[in-house]
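Going line by line, the protein sequences match chains E and A.
Taken in order, the first sequence gives residues 0 to 323; the numbers are from numbering that gives the first Met the number 0.
Taken in order, the second sequence gives residues 0 to 431; the numbers are from numbering that gives the first Met the number 0.
Watch out, some of these pointers could steer you wrong.
Unchecked claim - Straight line, CA to CA, 20 Å or less: simulated SDA-like cross-link-like pairs of lysine to any residue:
id : chain 1 : residue 1 : chain 2 : residue 2
1  : E       : K38       : E       : N17
2  : A       : K309      : E       : P209
3  : E       : K193      : A       : K309
4  : E       : K193      : A       : L250
5  : A       : K309      : E       : K11
6  : E       : K254      : E       : D264
7  : E       : K22       : E       : V4
8  : E       : K306      : A       : G257
9  : E       : K112      : E       : I150
10 : A       : K188      : E       : G212
11 : A       : K307      : E       : K306
12 : E       : K298      : E       : Y255
13 : E       : K173      : E       : G159
14 : A       : K307      : A       : V255
15 : E       : K298      : A       : L256
16 : A       : K307      : E       : K112
17 : E       : K193      : A       : K188
Everything labelled a hint here was simulated from the structure, so no lab data went into it.
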Amino acid sequence: MDTGVLTYKSIKIWKEQNISKYKGDLAGLNAFHDQVMKKVLEVAIVQLQKGLPPCAFSWFITGSGGRFEQGFISDQDHGMIYVEDTEECRSYFKALGEELSDGLALVGYPYCKGYIMSSNPLWCKSLESWKEQLRTWMESESWEAIRYLQIFYDARVLVGETLYINQLKNVVYKYQLEQPNLLKRFMANIMHLKNTIGPLGQILVERYGPYQGCIDLKYSAFVPYVNAIRILAIKEGIYETSTLSRISELVKKEKYTNLLRNCNDNFELLLKYRLSLFKVDDYFDTHYLKIAGLSKAEKKQIKQILKTGIRIHDEVIELIEKGC
Amino acid sequence: MDAMYLMNSLWTMVAAILVIFMIGGFILLEAGSTRMKNAGHVAGKTIFTFGLASIVFWTLSYGLIFGGNANFLVGMTDFFYSGDLAKPEEGGLATTVFFVFQLAFAAISVTIALGGFAERAKFSAYVVFTILFGILVYPVIAHWIWGGGWLAEHGKQDFAGSTVVHLTGAMAALAATILLKPRIGKFNKDGSSNNIAGHNQVYTALAVLILWVGWFGFNAGSTVSVDGAFFGFVALNTNLAAGAGAVAATLISWFVLGKPDIPTILNGALAGLVAITASCAFVDVWASVVIGFVAGILTFYGARFLEKRKIDDPIFAVSVHGIPGIWGTLSTGFFATKELASVGKPGLFYGGGFDQLGVQFMGVAVSGIYAFVVSFAILWVMKKVMGGIRVSEEEEIMGLDISEHGSYGYPEQMDKLAKEANVVASKTHVSS
Chain E
0 MDTGVLTYKS
10 IKIWKEQNIS
20 KYKGDLAGLN
30 AFHDQVMKKV
40 LEVAIVQLQK
50 GLPPCAFSWF
60 ITGSGGRFEQ
70 GFISDQDHGM
80 IYVEDTEECR
90 SYFKALGEEL
100 SDGLALVGYP
110 YCKGYIMSSN
120 PLWCKSLESW
130 KEQLRTWMES
140 ESWEAIRYLQ
150 IFYDARVLVG
160 ETLYINQLKN
170 VVYKYQLEQP
180 NLLKRFMANI
190 MHLKNTIGPL
200 GQILVERYGP
210 YQGCIDLKYS
220 AFVPYVNAIR
230 ILAIKEGIYE
240 TSTLSRISEL
250 VKKEKYTNLL
260 RNCNDNFELL
270 LKYRLSLFKV
280 DDYFDTHYLK
290 IAGLSKAEKK
300 QIKQILKTGI
310 RIHDEVIELI
320 EKGC
Chain A
0 MDAMYLMNSL
10 WTMVAAILVI
20 FMIGGFILLE
30 AGSTRMKNAG
40 HVAGKTIFTF
50 GLASIVFWTL
60 SYGLIFGGNA
70 NFLVGMTDFF
80 YSGDLAKPEE
90 GGLATTVFFV
100 FQLAFAAISV
110 TIALGGFAER
120 AKFSAYVVFT
130 ILFGILVYPV
140 IAHWIWGGGW
150 LAEHGKQDFA
160 GSTVVHLTGA
170 MAALAATILL
180 KPRIGKFNKD
190 GSSNNIAGHN
200 QVYTALAVLI
210 LWVGWFGFNA
220 GSTVSVDGAF
230 FGFVALNTNL
240 AAGAGAVAAT
250 LISWFVLGKP
260 DIPTILNGAL
270 AGLVAITASC
280 AFVDVWASVV
290 IGFVAGILTF
300 YGARFLEKRK
310 IDDPIFAVSV
320 HGIPGIWGTL
330 STGFFATKEL
340 ASVGKPGLFY
350 GGGFDQLGVQ
360 FMGVAVSGIY
370 AFVVSFAILW
380 VMKKVMGGIR
390 VSEEEEIMGL
400 DISEHGSYGY
410 PEQMDKLAKE
420 ANVVASKTHV
430 SS
């Protein structure tokens with residue numbers, strides 16, 4: 000950046016100038032997004048004109064960002080945890096959260112349609128209120144609460160103390176140890192998979208529309224892996240958020256070696272395929288892979304990826320249903 | 000009076016009413032398979048064209064099909080049928096009843112043809128084509144096969160009209176849909192296609208049920224006789240073919256698409272019915288299951304084939320009535336049995352050799368080509384003379400309910416949508 004004064008606009012320009020460097024480099028791209036968002040927080044604190052934060056806090060991102068799977072464009076998904084449950088802190092972080100969401104939107108991260116943003120009081124709370132909220136969510140077992148819990152579990156800290164988020168995840172871990180039914184509720188929430196392999200072993204592609212003949216990698220390939228691995232991570236109290244690092248933690252446990260055979264390789268391949276679809280110029284991430292354009296070997300590979308995902312998903316369901 | 004004559008007349012009258020009720024099925028079928036903005040138009044024009052086709056049938060079609068003094072193409076007497084009864088024959092039926100029954104068939108055929116017009120033709124095109132189809136297309140094929148024409152002399156088997164009614168209608172629909180070109184938004188510039196989903200699958204399913212029931216009039220009624228209660232056998236074959244068609248279509252869509260597809264299931268039942276229409280009186284019960292099953296598979300692949308060829312077949316007129324109509328007609332060439340072949344010869348599987356199959360093939364090919372070519376020519380001339388047969392782009396987008404008739408089939412919903420569209424139009428400075 001050339002000048003000293005940081006503004007949302009200058010961050011936006013800097014982001015647009017540099018993001019294309021990370022074409023084909025998922026880790027680099029995610030690190031770059033982290034850097035951009037950290038700068039947005041700096042500007043937000045200045046813009047707020049309320050001085051420095053009155054207590055220790057941590058700002059986390061979740062969703063695809065939490066899992067280090069962001070493409071060039073992604074919605075914002077984030078929340079805040081602050082330590083002191085005082086009126087001063089509440090009003091400060093509420094205002095900061097709102098400023099932050101607006102700032103991120105200005106820099107080029109669209110608002111989250113599900114309102115998973117620090118500007119939403121549900122996602123901006125003191126540590127104690129967070130614990131309370133997690134317990135309420137876990138006890139209510141409502142469809143929405145279960146969704147929130149799974150989203151929360153993908154959270155990683157961007158700015159501030161890492162300890163808090165791990166403490167909170169530990170609350171979930173402990174709870175499910177005593178109440179195995181919680182995992183079943185998680186499972187129920189993710190049972191539906193888009194059919195990708197037909198009964199005759201063929202790849203099922205989109206029938207109509209601009210993506211005719213394509214498969215939607217995000218929903219048909221990623222979802223079974225990400226969801227199944229997350230459930231196991233919750234069950235085993237693994238706090239890592241990227242699917243690959245969760246897998247490498249899980250395979251250390253002997254009971255999962257068979258279940259997770261070929262999992263890592265196939266998921267890495269999947270990431271590679273998805274990366275090949277990223278186009279910076281379009282300024283629009285596509286997750287659709289045209290099947291007709293692939294070679295025979297590539298088609299076989301895609302089938303292998305899809306089948307492994309489905310197998311792991313199904314076996315995890317079975318495992319959870321059996322009550323482990 | 001002869002009891003048989005009265006019973007035959009009564010049974011055929013009931014059958015005629017069942018067939019006429021199929022018009023209701025077609026209203027629901029077309030309305031359900033298309034969008035809300037055209038629903039009122041679909042319903043209204045179908046009633047209108049049935050009315051118009053009835054008048055045309057009375058003035059000309061009936062005489063052209065069944066009249067005496069016939070040339071190669073058509074008969075030349077009995078126009079403006081007066082309602083006179085022919086002298087009652089033993090085993091016959093009242094001419095008036097026969098007239099109404101035949102009128103219903105002609106009306107079904109033109110209704111199928113007009114399915115190819117769906118969602119984009121001018122109302123005036125419906126008017127003109129209904130008249131010309133009733134004079135130049137349907138009577139010729141019906142005369143050839145049912146009116147004692149040359150195909151009848153060859154022993155062409157088409158018990159209730161797989162060729163005469165369904166294929167003829169479908170070929171006209173194909174000509175229309177090709178000349179009208181696809182609906183706006185059906186195909187993309189890059190060659191991919193979009194699914195323009197019908198607005199009500201429940202309508203479509205009820206339509207299939209109404210048609211299925213009506214088909215007992217169509218097929219079993221085509222006995223035009225209660226003799227030996229043979230109509231029961233025909234009804235049995237009809238029902239099994241419809242069932243097999245639905246099952247086959249369900250399975251094939253499940254296998255290929257990964258999910259049992261509702262429109263395909265519905266089309267499968269209809270395809271089974273269309274196919275068994277020619278053969279219902281000539282084949283064994285087991286064969287009707289096979290015929291229906293094959294039809295269910297054919298309609299699925301037929302629809303996909305047309306879509307690949309960039310032919311927009313909005314209500315599946317071609318893939319349901321055309322392709323299964325051809326298959327049904329050919330099927331008697333394989334499956335007609337010695338005992339049941341009251342017309343023509345037994346099929347290939349019953350020791351008849353290739354004779355009957357050859358006749359069936361010739362009949363279906365000549366009839367199909369005639370129907371397509373003449374319909375295409377009529378529509379082509381109409382296009383020139385009438386300044387186009389398709390509504391303007393703006394009218395197509397606003398929907399035929401409002402553009403052609405001035406009121407909506409679903410006024411509450413459509414008024415709201417139209418207001419929103421007007422806001423957009425005013426913002427983009429497009430006059431509306």
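Against the structure, the hints:
This hinted pair checks out: K38 (chain E) and N17 (chain E) have alpha carbons roughly 15 Å apart, not beyond 20 Å. Between K309 (chain A) and P209 (chain E) the CA atoms are separated by roughly 15 Å; this keeps the pair inside 20 Å, and the hint holds. For the proposed pair K193 (chain E) and K309 (chain A), the alpha carbon gap of about 28 Å is over 20 Å, so the pair is violated. For a cut-off of 20 Å, the pair hint linking K193 (chain E) to L250 (chain A) stands: about 19 Å separates their Cα positions.
Of the pairs offered as hints, the one joining K309 (chain A) and K11 (chain E) is violated, with about 45 Å between alpha carbons and a cut-off of 20 Å exceeded. Taking the CA atoms of K254 (chain E) and D264 (chain E), the gap is about 19 Å. The hint holds against a cut of 20 Å. Taken as a hint, the K22 (chain E) and V4 (chain E) pair is broken in the structure, with Cα atoms around 28 Å apart against an allowance of 20 Å. Distance restraint check for K306 (chain E) and G257 (chain A): the Cα-Cα separation of roughly 14 Å lies within the 20 Å cut-off, and the hinted pair is therefore satisfied.
Between the alpha carbons of K112 (chain E) and I150 (chain E) the distance comes to roughly 14 Å, so the proposed pair stays at or under 20 Å and holds. Of the pairs offered as hints, the one joining K188 (chain A) and G212 (chain E) holds, with about 15 Å between alpha carbons and a cut-off of 20 Å not exceeded. Pair hint K307 (chain A) plus K306 (chain E) does not hold up; C-alpha atoms about 29 Å apart against a cutoff of 20 Å. Distance restraint check for K298 (chain E) and Y255 (chain E): the Cα-Cα separation of roughly 28 Å exceeds the 20 Å cut-off, and the hinted pair is therefore not satisfied.
In summary, the hint linking K173 (chain E) to G159 (chain E) is not supported, as the alpha carbons are separated by about 24 Å, beyond the 20 Å threshold. Restraint check: the Cα-Cα separation between K307 (chain A) and V255 (chain A) comes to about 16 Å, which is no more than 20 Å; the hinted pair holds. Only pairs whose Cα atoms come within 20 Å are accepted, and K298 (chain E) paired with L256 (chain A) is accepted, the gap being roughly 18 Å. Restraint check: the Cα-Cα separation between K307 (chain A) and K112 (chain E) comes to about 37 Å, which exceeds 20 Å; the hinted pair is violated.
With a C-alpha separation of about 28 Å, the suggested pair K193 (chain E) and K188 (chain A) falls outside the 20 Å cut-off, and the hint is violated.
Comparing the model with each earlier hint shows violations of hints 3, 5, 7, 11, 12, 13, 16 and 17; every other hint is respected.
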